[in-house]
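With the sequences and hints as input, model every part of the structure.
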Amino acid sequence: MRRFSAIAGLAIIAGLTAGSAIAGPVQNQTRASERPVLVCATDAATRRAFTREHGAAPQFITAREVLSIQGSDAGWTTPRCMTAREFARYKEAATTFARAS
Numbered sequence: 038m039r040r041f042s043a044i045a046g047l048a049i050i051a052g053l054t055a056g057s058a059i060a061g062p063v064q065n066q067t068r069a070s071e072r073p074v075l076v077c078a079t080d081a082a083t084r085r086a087f088t089r090e091h092g093a094a095p096q097f098i099t100a101r102e103v104l105s106i107q108g109s110d111a112g113w114t115t116p117r118c119m120t121a122r123e124f125a126r127y128k129e130a131a132t133t134f135a136r137a138s
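Each residue of the sequence shown is one higher than the last, beginning at 38 in the numbering used here.
No wet-lab data here; the hints were simulated from the structure.
If you're wondering where the values come from, they're calculated on a predicted model, not measured in any experiment.
From the three backbone atoms N, C-alpha and C, an ideal C-beta is built for every residue, glycine too.
Be aware that one or more of the hints could be misleading.
Claimed, not checked - If you anchor each label on the Cβ, the simulated ranges turn out as follows:
#, residue 1, residue 2, range
1, 133, 83, 16 to 22 Å
2, 121, 89, 20 to 26 Å
3, 102, 80, 20 to 26 Å
4, 132, 96, 34 to 40 Å
5, 72, 125, 16 to 22 Å
6, 93, 121, 20 to 26 Å
7, 82, 115, 25 to 31 Å
8, 110, 75, 15 to 21 Å
9, 107, 129, 29 to 35 Å
10, 129, 89, 20 to 26 Å
11, 129, 86, 14 to 20 Å
12, 82, 133, 19 to 25 Å
Here's what the structure looks like:
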């Protein structure tokens, strides 16, 4: 039963993906105000893959830098990277901030 549910889940995900592809191409442009941040490893293979995907070497950003970004700050076109540890720090800080508010 578990195997069937896993296969059914994959089929649903594949169907949703195919449906969005049929609806039309997704524009891969970011607005100037967007600041995409990805969780990335720091090994050479990840750096090569990131460079191949985004056309530039990954630039790592800390949790403190992400939290200090203001709404008026300029965005960036190439996503920034954050290590898994920095993401955990960011998540913890955001949760603490939400509890304090």
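Cross-check of the supplied hints:
no.	hint	verdict
1	133 with 83: 16 to 22 Å	29 Å, violated
2	121 with 89: 20 to 26 Å	21 Å, holds
3	102 with 80: 20 to 26 Å	22 Å, holds
4	132 with 96: 34 to 40 Å	26 Å, violated
5	72 with 125: 16 to 22 Å	19 Å, holds
6	93 with 121: 20 to 26 Å	21 Å, holds
7	82 with 115: 25 to 31 Å	19 Å, violated
8	110 with 75: 15 to 21 Å	19 Å, holds
9	107 with 129: 29 to 35 Å	21 Å, violated
10	129 with 89: 20 to 26 Å	32 Å, violated
11	129 with 86: 14 to 20 Å	28 Å, violated
12	82 with 133: 19 to 25 Å	34 Å, violated
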